[in-house]
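If you're matching positions, the sequence shown starts at 73 in the numbering used here and goes up one per residue.
Worth double-checking, as some hints may not be accurate.
So the derived label-pair ranges between C-beta atoms look like this [claimed, not checked]:
hint: 1; residue 1: Glu132; residue 2: Met73; range: 18 to 28 Å
hint: 2; residue 1: Gly120; residue 2: Glu94; range: 17 to 27 Å
hint: 3; residue 1: Ile81; residue 2: Val113; range: 14 to 24 Å
hint: 4; residue 1: Leu109; residue 2: Met73; range: 17 to 27 Å
hint: 5; residue 1: Ala125; residue 2: Met73; range: 16 to 26 Å
hint: 6; residue 1: Ser100; residue 2: Asp75; range: 30 to 40 Å
hint: 7; residue 1: Val105; residue 2: Gln126; range: 16 to 26 Å
hint: 8; residue 1: Glu90; residue 2: Glu121; range: 27 to 37 Å
hint: 9; residue 1: Asp87; residue 2: Glu132; range: 37 to 47 Å
Think of the hints as simulated: they come from the structure by calculation, not from any bench. Built from N, CA and C at the ideal position, the CB exists for glycine as well.
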Amino acid sequence: MTDYTTVSIPKDLADRVEETIEGTSFQSTSDLVRFLLRSIVIQHQKEGELTEAQFEEITEQLRGLGYLE
Numbered sequence: 073m074t075d076y077t078t079v080s081i082p083k084d085l086a087d088r089v090e091e092t093i094e095g096t097s098f099q100s101t102s103d104l105v106r107f108l109l110r111s112i113v114i115q116h117q118k119e120g121e122l123t124e125a126q127f128e129e130i131t132e133q134l135r136g137l138g139y140l141e
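Can you build the whole structure from these sequences, using the hints too?
Printed below as a string of structure tokens:
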């Protein structure tokens, strides 16, 4: 059995995520967050430590999608 923890995000961000995932295969904000975090972790594990440039690229992608301000 998998244990879970809670991650808090601002309500306005959660609302934007809900709008963004409409019509996609993501069923919830949690589904999307899990997908994004897994993607980052997998990339990190494949390549070793993320460089500052890679971290900035990920940050800009998330900002462009509206997940970061």
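For the hint 30 to 40 Å, verify it against the beta carbon of serine 100 and that of aspartate 75.
violated, 18 Å
**Q.** Hint check for methionine 73 and alanine 125 - Cβ pair distance inside 16 to 26 Å
**A.** Hint violated: Cβ distance 39 Å, outside 16 to 26 Å.
Holds or violated: 27 to 37 Å for the Cβ distance of glutamate 90 and glutamate 121? Given a distance of about 33 Å, which is inside 27 to 37 Å, the answer is holds.
Exercise. Please test the hint of 17 to 27 Å on the beta carbon pair from glycine 120 and glutamate 94.
Key: violated, 37 Å
Margin query: Between the beta carbons of valine 105 and glutamine 126, is the distance compatible with 16 to 26 Å?
Written below: This hint holds: roughly 20 Å between Cβ atoms.
Per the hint of 17 to 27 Å, is the separation of the Cβ atoms of leucine 109 and methionine 73 within bounds?
-> Roughly 20 Å apart at Cβ, these two residues keep to the hinted range, so it holds.
Within 14 to 24 Å or not, the Cβ separation of isoleucine 81 and valine 113? holds, 18 Å
That 37 to 47 Å hint for aspartate 87 and glutamate 132 (C-beta), does it hold up? At 22 Å between Cβs, range violated.
Whether the CB-CB distance between glutamate 132 and methionine 73 falls inside 18 to 28 Å: With a Cβ separation near 37 Å, glutamate 132 and methionine 73 fall outside 18 to 28 Å, so the hint is violated.
Checked against the numbered hints given earlier, the structure breaks hints 1, 2, 5, 6, 9 and satisfies all the rest.
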